[in-house]
Structure formats: structure tokens, C-alpha cells
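Chains as they are written, first to last, in the working numbering: chain A, 1 to 510; chain B, 1 to 314; chain C, 1 to 328.
Wrong hints could be hidden among the right ones.
Cβ pair distances, simulated, as ranges [as the list claims (entries may be wrong)]:
id: 1; chain 1: B; residue 1: Ile19; chain 2: A; residue 2: Gly157; range: 18 to 26 Å
id: 2; chain 1: B; residue 1: Glu198; chain 2: A; residue 2: Asp175; range: 19 to 27 Å
id: 3; chain 1: C; residue 1: Met295; chain 2: A; residue 2: Gly157; range: 52 to 60 Å
id: 4; chain 1: C; residue 1: Arg130; chain 2: B; residue 2: Val27; range: 29 to 37 Å
id: 5; chain 1: C; residue 1: Asn255; chain 2: B; residue 2: Ala299; range: 23 to 31 Å
id: 6; chain 1: B; residue 1: Ala299; chain 2: A; residue 2: Glu326; range: 37 to 45 Å
id: 7; chain 1: C; residue 1: Leu322; chain 2: B; residue 2: Leu94; range: 38 to 46 Å
id: 8; chain 1: C; residue 1: Arg130; chain 2: A; residue 2: Ala68; range: 30 to 38 Å
id: 9; chain 1: B; residue 1: Arg208; chain 2: C; residue 2: Ser221; range: 38 to 46 Å
id: 10; chain 1: A; residue 1: Pro88; chain 2: B; residue 2: Val27; range: 56 to 64 Å
id: 11; chain 1: C; residue 1: Arg130; chain 2: A; residue 2: Ala222; range: 40 to 48 Å
id: 12; chain 1: A; residue 1: Ser323; chain 2: B; residue 2: Ile22; range: 35 to 43 Å
id: 13; chain 1: B; residue 1: Ile19; chain 2: A; residue 2: Asn87; range: 46 to 54 Å
id: 14; chain 1: C; residue 1: Thr101; chain 2: A; residue 2: Arg321; range: 47 to 55 Å
A few chain C positions that, by computed beta-carbon distances, are all more than 10 Å from chain B [as the list claims (entries may be wrong)]:
id: 15; residue: Ala41
id: 16; residue: Met48
id: 17; residue: Leu54
id: 18; residue: Leu57
id: 19; residue: Val97
id: 20; residue: Leu172
No more than 30 Å apart at the CA atoms, straight line, and that leaves these computed lysine-lysine pairs for BS3-like [said to hold, decoys possible]:
id: 21; chain 1: B; residue 1: Lys201; chain 2: A; residue 2: Lys63
id: 22; chain 1: A; residue 1: Lys206; chain 2: A; residue 2: Lys81
id: 23; chain 1: B; residue 1: Lys201; chain 2: A; residue 2: Lys93
id: 24; chain 1: A; residue 1: Lys205; chain 2: A; residue 2: Lys93
id: 25; chain 1: A; residue 1: Lys194; chain 2: A; residue 2: Lys205
id: 26; chain 1: B; residue 1: Lys201; chain 2: A; residue 2: Lys139
id: 27; chain 1: A; residue 1: Lys204; chain 2: A; residue 2: Lys139
id: 28; chain 1: A; residue 1: Lys33; chain 2: A; residue 2: Lys81
id: 29; chain 1: A; residue 1: Lys205; chain 2: A; residue 2: Lys63
I should point out that these hints are in silico values taken from the structure, not numbers from a laboratory.
Just so it is clear, CB atoms sit at the ideal spot from N, CA and C, and this is done for glycine as well.
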Amino acid sequence: MHAMQSPSMNAEAVCRPALFELRGISKEFPSVKALDDVSFEIRAGEVHTLVGENGAGKSTLMKVLCGAYRADRGSFFQHGKQVSIANPIDARKFGIAVIFQEFTLVPYLDIAKNIFLGRENRGALPGLVDQRRIHAEAKRVLDAIGFDIDPYTLVHGLGVAQQQMVEIAKALSQDARILVMDEPTAALSERETKLLFAMIDRLKKKGVAIVYISHRLAEVFALADRITVLRDGRKVATVLPAETTPDQLVSLMVGRSVDTTYARPHRPHPGDVVLEVKDLDAPSGISNINLTVRAGEIVGLSGLVGSGRTEVARAIFGADRISAGEIRLCGERINGSTQDSTRRGMALIPENRKTQGLALARSVGDNVVLAGLRKLFPSGLFVARKAAQAARAIVDKLRIATPSVHRAVGTLSGGNQQKVVIGKWLNAQARFFIFDEPTRGIDVGAKAEIFRLLDQLVHDGAAVLMISSEQIEIVHVCDRAYVMRSGRIVGELARDQLTEANIIGLAVHR
Amino acid sequence: MSSRTVAPSLIARVPGVAIALIVLCTVFAFASARFATPTNIANILVQSTILLLLALPMTLVIMTEGLDLSIGAVLTFASIILAVIVIATGSLALALSAALAAGLCFGLANGVLISVLGIPPFITTLGTLGIAQGLSLLVTDGQSIVGIPRSIESLYSGSLAGIPLPILIATLAYAVTHILLYHTRFGTYIFALGGNREALKIAGISVRGMLIGVYLFSGLMAGFAALLLTARLNSAHPTAGIGMEFDAIAAVAVGGTSFERGNGWLFGTLLGVLAVGVLRNGLNLLAVPSSAQVASIGALVIIALFIDGLRSEP
Amino acid sequence: MNKQTTGRADIAAPPRFGFSSNVMQVLYRLLAAALLCMVLASLSDAFMTENNILNVLRQTALLFLMASGLTLVILTAGLDLSVGANIALSACLAASVIKATGSASLGVATGIGCGTFVGLANGLLVTALRIPSFIATYGVMWMLTGLTYFYMGGQTIHGFPPAFRQLGSGYLLGIPMPVYVMVLFLAIGTFFAQRTIWGQQVYAIGANPVAARLSGVPVQSRLVLVYTLSGAMAGLASLIILARINSAEGDIGENLTLPAIAAVLVGGTSLFGGSGSVMGTLIGALILTLVLNGMNLLQVNASWQPLVTGVIVLVAVWISTLTRPSDE
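For reference, chain A alone in the conformation it holds in the complex:
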């Protein structure tokens, strides 16, 4: 797919240099090339939206812009003059402000104090805070964005939308000329979204530029003056909303190159139902979840980040409370504790293996036998030698690269650590596996190996539910997939319908 540019845009670019421009930005991490020669232009008074799949490079680009990351290659221009951004302080000097999803607000301070945190000393006696002054200035900024609230109000009592407004006011009070917003409407109601849009409009009129990242295509088309699509770290296109459609955007977003080292083997017909989830609701934000997984199949659970997939996994596994519905493993009801579900043969390979899946300071052997202690030692007596033997058997079976089972798990590579986590569940004789982003942080060569492991598992009769944000993985590995959005399952794709475009189409808001 080549980049598309409308002729009218080129003319404009010639007439007036952009407020800020990134040119040829490249950024590499140990296992992945996050950005590859991306150029991005920001104009005063416009809303420039950035769209793309997870991992396309949107947040990396923004982190480079705000100085949190240093680009490996590329340059920055302000009003056509070259500048450098080496750290967040530089970025702030150029008026770049990012509205984080995790707010940087102090709950038990009032709005004004939050807005001016660190910058209170405006001419008052050293050390003392001039209350009246900062509250008056805060009121000014709040009025400017149309947020009518008493600056003495504590942030603690504010709703998410209001806290967001405070964050925006905070950024503006630092003379932000470029405001970056990452999925700002994720936690907002319709009414609050309208208010946000009205505020954005006001900001545009003041000449503030807004970079808006969103998956909600309806919003993108409502707000954007220009839309840039990223894919696999590259800029695919910059278009005007009037000249494209949601479907076209989707097709621009997908279409990754295929990893040819792995090929899905032929899998026999799936066996009995192993996992059955009915009408599951949970306080963690999911509702009305119904799904089944049979022996011998790998079922995908896809959707965008924040759509609730991990919450579903945790609810099934018993790590989170559920408020309604039932979960059955091989016909028997699960009572909702991790002890119970693991005893019955459930396994969870979590998203973040270092903090959730392993005790890094403990040995490979200790980690491998942890979930299966009861099964290995029914009497309760632990015999170190037997445990080491069992661990060695697993290490051999999975070909985990470690000189000894007594090595600390933290010394292993990412791929091998993941194998230890999987090994833990093999040792516990699990029959149903939930994989949450199984290949995250693993280099390309090891990914194929992990997939072959999954194949082996289902070949031996296990059932697998696989969560992945890389649509290409779902398409190539899974037999079928459910797609989630906003805490619900919005579709199920059978083998013949399982394409990236179909997944994305269901996953994003139209």
C-alpha cells in the first residue's frame, strides 16, 4: 500500500510551514522496530488524528514527540526551523503537552493546586502559596476551556471526564500549543464526549493544535481535519476525512507481512466442550460473555487494548470476582478461586510473565513445580529431588535453554521464561489453557516455537483460549475467534471468515 496525499494538501504545505514537524523518525527496541522513517506534521488550529492497530507505533511516536523517548534517527522542526527534543523539558518548551490516560493528579488537593503543582511560586513570598492568585488564574484557564467549576474543588471527587478537563487545563496553563490526547473518550459517556468535542473546538479557534489518537472511527471522522494511518511502524497515508471512508481506513490499517516460518497444521475435528462460559458479568467491566472452547482447538479472543479480553481471562480463571453467570470446565462448575480452577485443570499464562507469571528470583525448578505441588506430592511432603526431576523432565520436553533447573528464572531469555510459565502448567496437568499475549516481548524466531508448542498442546487433547492483539497471529494460529469491544463479545468468526480485516472491523467503533 503506498501513501496517498491529496493535491490540495501539498499546496497548503508549500504556503505555510507547519507549527511542528517530525521528519524521518525511526526508533528501534531490542526485539522490534517500532518506528520506521515516519514523518508527521502538525498545524496550528487543526485536529490531526492518528489511527492504527495496536503496535502500529502510535504511542511510540507520541512518546518521541513529548521527549520521553529519544529517536534513533530523524529530526524535528518548529515553524520550519530545526530544533531538538532530548527530554520532556525540551518538549514542554515547545509547547507540547500530553494528556496521559493515567492522570497525574493528586487526589486530595484542589483543582487549582493541581494545575499549578510545582509552579506555585508566582511572585509570592518564597515557600508560601498565594492561594487567591492561583485560584483566580485557575478559574481563568478553566473558563477558557469552558469548564465551569470551583477551583477549590478537590480532584478526588471528580469523575473521569472532569479529571481529564483538569489535566487539559493543566497543560494549557503551561502554554501548550500542541495537545496530544490518547484515547480520551475511552472512559467518557456520550454527553461528556460532546463536551470534550466542544472544548476541542474552542481550542482550535485559539490556534492550539491537537493530535488525537483513537480507535473510534466515528469520532475520527467527526473531529479530524486530517487523518494519518500508521501500520507496522510506518506511515501508510495522511488523508482528509472527506476523501475516505471507514472501510478504506480499516483496509489501510491491516495487511501485515506474514511470518512464513510458521504454518498452521491441519487439526482434526475438535472434541468435547472443555470450557463453557454462560452469561458472565464481572465488576471488572465485562458483561454478557458467552463462549465455548473444545478439546483440540485453539480459540482466539481478539479486540483492541482495553476491550476487556484480559478481564474475561481473569474472570474465567478465578483471579477476579464475577457478579453473574457460570463457568464450567468439562461440565463441572468452577467456584471462583484460582486454587479451585487450577486444581481442576485450568491454566493461565498471563500477559506480563515477569510480574504475574514467575517469581524471577526463584529457580526454574521452583517455578515449574509451583502449580502442581499437590499433584506431585499428594501427601504434602515436599521432596526436593523429586521436584527437580519433574522440573528437568519439563525442561527437556519444552527444550528450555538453561544449564540447570537450579538457575534463577530471571536469568533466562524472554522466550525461555515464557516456556517456564507454560511448563508450570504442563507439570500441573492442565487441560485448558488461557494464553494472554503469548508472544509479547519475544523475538521473531522464538514466536514460531511458541506456536508449535500450542499446536502440540491441542494435539495432545488440551483446549486453548488465546488472547492476542496481533490480528495476524489470531488469523494464522486459531481455529476460530471471538471479537470483543467495550467489555462485550461483538462477534464470532469461524475459520473461513477469520481475516484481519474482519477482526478489525468488529473491534473498532464504526
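Given chain A, put chains B and C in place with the hints provided.
Quick look at chains B and C alone, frame taken from chain A:
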């Protein structure tokens, strides 16, 4: 004024400690005829002043998700230093400076160990508690120090314009702490230390410096409290202030300041100090031994923490 | 991500040999203890006398008894500040039961029962009420101290049946009885920690409680078990101490907690959980006792002892923070 910014969101808490205070007063008023007399009430207020001087900085420390277990022992040590120097030199100013210096040294030690070396506050202050206690024993050889000039004693028993001096001192301390917490940048950042440390880092404020400052303040107030303690006892004893840190923590916890969210209410601490004071006074009047008093305060703390846990998000 | 879905990324720069690190730690400390002995022997003639060595053994044993249960709690990254007060209350209750009924076995049962009950209470406060362990046990410590003083009313109980006193003051084959109890505790503690699956789970909880839970470990019940066990061992320890000093009064528990914590930390158990051993605590108790014994022999003022203990605790914790990267 900014106290109204605190009260609204703590509406749920005001009843807590205020109710406790009212209930305690009512119960004791009925249980003992001597409770509700003007003399006794004045007594409670005066006796509570030392505790208030300890509970005020403790509020700030707890707001930063820390704890200062050493404050009682530092108070003791500072009072011993004060006594020794005032007897040796006759100069109250010198003695007070020495006491303040002693408090500041321990405060600095605590702050550095916690912020620079990263040792958890409860272990750090447990350690410095032992050190302060040890130093107190060493200097006094286990004996009391007597022979303190009369003028010091009058600091505790005297009054100005009809108001007992300790109460004036305590009021001053409260005012200073109030201004510090609600009207200075230091105080603003204390809320952030407990509520959202990231926000401070992003704003470029030194978290380390702040933590050292908080514990320095604690040590300083312990030094001032030493003056009142020595005046009250008219002597200095190596076990005088032991256990006061517990009353201070209890007062802060009952007063509504929580241990984890940067939520601090100074006035609540004041009420908490009064609650503890009323509890001790009432139980004294009922001839309940000091040991059982400690047990009941312990129960009070656990109840307060339990309620605090109930109120917070799971 | 909220706090509940992530655990700590790491607790130590991953050691090369995760399994045998415990053994290495114990060996290093044994070496340190031996060096200390040599230094003390050269500094004071009185060190190597039979009397002094037995004294050191007995003191080590008493300290270890208090610290052994505490080790299990600290392994889970918790802390029990109420150990001393628990011992005091258990000892006083046991003493009055023995005095009242004349039965030593009833007294023993009372002591252990009281200790267990306190341990259970601690466990419930930490798991069900979710109060951080250092605060919960701090509050419990004061409550117990108060209860003990209240119960004793300033009185002292002394004069126990000789058979009972043997537990603390007696000798068997020339070695003080407490040493045998120490070996018993070492066996119990080590057995639980290294030879049962619950012990393995306890180590896992200390190393990474989130991962442990997601591996099917019932974290809450194990924590309650650990605190209860710790309390029971404290109860048993109180009886030996009672038998040794042959009297019970309200302030027995004073100045017990800090040395117990010091013994555990010096023994190599990390305050942050997941690594350490009961054997290590024994060596730690030995080292601490040697230091205090040395101070006595060199006629250093006894008032220095709490100070030195405090410094030792701080140094021990500092060393363990050095080997642990920050949580950034």
C-alpha cells in the same frame, strides 16, 4: 480559606472522630462525677498539648505513606539533653537549641535512611527508636535527672491572660503546621507524596528532599515537645516519652488521616488527640490502670483502621 | 493497570543459582560467626570458658525460639511486631494457670493456646481486614502489652514446679535444655519451610504474591497459617523463657521484639520476602548473641545494647536493599 477544600470530601469522616469524641465525653460524664468539671476539662486540654505536638508532624509523615515510630524515643532523648544542658549552663535558650538539634539529627537520619537508602519507614524508625532509647539510657545511666530550674517548670504550670501556657504553645504549633500544610509549597507536595508521587516527579520536585524535610519536621517538633515534657515532669527520665508515638499514631488514625492515599486532615488529628486525651483521662478517673488504657487505645486504632479500610476502594 | 494485577518485577538481581543460595547464605554467616568467636576469644580470656559458652548457647537458643516463627512471617514479606508482647501475655497466663492449678501441662497448653490465638488474630487482621502487617501487629503489640500489665496488676508470679523449671534451667548431658528445644524448633521450622508443599508456597508468596495466586496458591489461607504458626511458636517460646527466669511479670516482653527481628535479618532472610531460612535465623541469633556477649565481657555499659541492636537492624536492612533493585 482552604480548610473548606478539605472538609467537603471528608464529610464522611467528620462524624467519625467527632462522634467518638462526643460518645466518650458523654459516657465519662455519666460514669464519673469528676469528669465534667471545668478543672478536669482544663486538665485534659493541658495534658493533651504534648501529644498534639507529636501528632501534628505524625499527620504529615503518615500522609506520605510513612511512619515515625521513633518520635517518642527522640522526645525522651531531647528532653534529657535539654535537662542536662539547662542544669549545666543555666541557659534555657542553649538547652532548647540543643534539644532541637537532637531532634533534627534524628529527623535527618530517618529522612536519609528512608529516602536515600530506601529502607522502609517502619523499620528505619524502629531502628532509630532503639538508638534513641539506647542513647537516653547511656546519658542518664538509667537515672532521672532532677534539679531543673523553677523557671522551666513554670512554662507548664503558668498562664498568660488566663490561658495556660502549654495551650498557647500548642495553638501556635497547630497554626504553624496548618500554614505549612495548606499554604506552602512544602505542604502541597506532601499531599502529592501520598496521593500521586509520579505527579511530583513529573513536576520536577525532589521526592527525596521532601521526605527528608518531613522527617526533619518530625524531629523538630519532638524537640519542642521536649521543652513541655521536661517542664511538666520537672525532671528528665529515660523512659518518659516511651510509647507516646503510639498515642500519636492512634490520634492521627482516629482523626481520619489514612495511611495510603495522601489524605490528611489536620483538624481531625486535633480531634483525635482530644479523643485519646479524653479516653485516658476518663479511664484514670475510673481508676483503670494505665496498662488497660493502652489496650483500649490499641482497640481504638484497630477499629479506626478497619473503618478506614471499609471506606477505601477495595 | 491497577495495583492488584501486577506484582513486583523482581526482588533481587537474579542470583545465578536460585536454589542453593540459601545454603551459601548460611555458610557465609557461619563463617562470620566463627570469625566473631575468634575475635572475642582473643579479646577476652573469659570468652572460651565453659560457663560462658553454655551461656551463649542458652541465650542463642532463647533468642532463636522467639525469632523462628517470625522468620516464617518475614518470608512472606510481612512483619510481626507483636512477638514480644505475645510472649509476655502467653507467659503470664501460663504462669497464673500453673500457680492456680499446680499443673504444668495445663500451663503449657495455656501458653501455646494463647500464642496461637494471637497469631490467628494477626493473620485475620492482615488477610481479612487487609491492614498492612506492620501496622496491624503494631496495634496488637500495644493491646497485648496493655492486657498483660492489666492482667498482672503489677504483681509478679514466681516459684514454679521443678519439673517445669527444668525446661528452661535444666541440663541434659551437660547442655542447657533450651538448646534441645532450639534444635526441636529448628527441625519444625525447617521441616515446614523446606519439606512441605505449604512451605514452598510460602516462599512463592514472599517472592511474588501475584504470581503465586495466579499459580493456584491460596495466598490468604497460607498467610493466616503462617501467622498462626508464628504465634504458636511464640507461645511455646514463652514457656521456655518462663521456665528459665522462673517468674512472670508484666514487662517480660519488653526489648524482645527488636532483637528477634535483628536475628532474622542478620540470618539472611530478606525483609522483602521470598528468601531466607530458619537455619539462617539460628546463625543470626548466634551472631547477635555473640556480639552482645562480647559487649558484656568487655564490660561495655549494658545501655549500649538496644542501640547496637538498632544499628544492626538498620545495617542488615540496608544491605538487603542494596541487593534489590528499586521498584521503578
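Status of the hints after comparison with the structure:
Take B/Ile19 and A/Gly157: their Cβ atoms lie about 22 Å apart, and the range 18 to 26 Å holds. Between B/Glu198 and A/Asp175 the beta carbon distance is about 22 Å. The supplied range of 19 to 27 Å therefore holds. In this structure, C/Met295 and A/Gly157 meet the distance hint of 52 to 60 Å, their C-beta atoms being roughly 57 Å apart. Checked against the given bound of 29 to 37 Å, the beta carbons of C/Arg130 and B/Val27, roughly 30 Å apart, stay inside it.
Distance hint check: the CB atoms of C/Asn255 and B/Ala299 are about 24 Å apart, consistent with the given range 23 to 31 Å. Between B/Ala299 and A/Glu326, the C-beta spacing of about 42 Å keeps the proposed range 37 to 45 Å intact. For the pair C/Leu322 and B/Leu94, the supplied restraint of 38 to 46 Å holds, since their beta-carbon distance comes to about 40 Å. In this structure, C/Arg130 and A/Ala68 meet the distance hint of 30 to 38 Å, their C-beta atoms being roughly 34 Å apart.
For the pair B/Arg208 and C/Ser221, the supplied restraint of 38 to 46 Å holds, since their beta-carbon distance comes to about 39 Å. Restraint check, A/Pro88 to B/Val27: a C-beta distance of roughly 57 Å satisfies the suggested window 56 to 64 Å. The hinted range of 40 to 48 Å is satisfied by C/Arg130 and A/Ala222, whose Cβ atoms lie roughly 45 Å apart. Between A/Ser323 and B/Ile22, the C-beta spacing of about 39 Å keeps the proposed range 35 to 43 Å intact.
Restraint check, B/Ile19 to A/Asn87: a C-beta distance of roughly 51 Å satisfies the suggested window 46 to 54 Å. Under the hint 47 to 55 Å, the C-beta atoms of C/Thr101 and A/Arg321, about 49 Å apart, fit the expected range. A cut-off of 10 Å between C-beta atoms confirms that C/Ala41 is not in contact with chain B; the least separation is 26 Å. The claim that C/Met48 is not at the interface with chain B holds, since no C-beta of that chain comes within 10 Å of its own (minimum 28 Å).
With a cut of 10 Å on Cβ distances, C/Leu54 stays outside the contact zone with chain B, its closest approach being about 28 Å. No beta-carbon of chain B is positioned within 10 Å of the beta-carbon of C/Leu57; the least distance is around 25 Å. Annotated as non-interface, C/Val97 keeps its C-beta farther than 10 Å from every C-beta of chain B; the closest such distance is 20 Å. Distance check on C/Leu172: its Cβ is at least 35 Å (rounded) from any Cβ of chain B, clearing the 10 Å threshold; non-interface status holds.
The suggested pairing of B/Lys201 with A/Lys63 holds, with an alpha-carbon distance near 17 Å, which does not exceed 30 Å. Simply put, A/Lys206 and A/Lys81 have alpha-carbon atoms about 23 Å apart, close enough for the 30 Å limit, and the pair holds. Among the hinted pairs, B/Lys201 with A/Lys93 is consistent with the structure: their alpha-carbon atoms are about 17 Å apart, no more than 30 Å. Between A/Lys205 and A/Lys93, the direct Cα distance comes to roughly 22 Å. Compliance with the 30 Å bound is thereby established for this hinted pair.
Note on A/Lys194 and A/Lys205: the hinted pairing holds, with a Cα-Cα distance of about 17 Å set against a maximum of 30 Å. Of the pairs offered as hints, the one joining B/Lys201 and A/Lys139 holds, with about 25 Å between alpha carbons and a cut-off of 30 Å not exceeded. At roughly 20 Å between alpha-carbon atoms, A/Lys204 and A/Lys139 fall within 30 Å of each other, so this suggested pair holds. About 28 Å separates the Cα atoms of A/Lys33 and A/Lys81, which keeps this hinted pair within 30 Å; it holds.
For the suggested pair A/Lys205 and A/Lys63, the alpha carbons sit about 26 Å apart, so the restraint of at most 30 Å is met.
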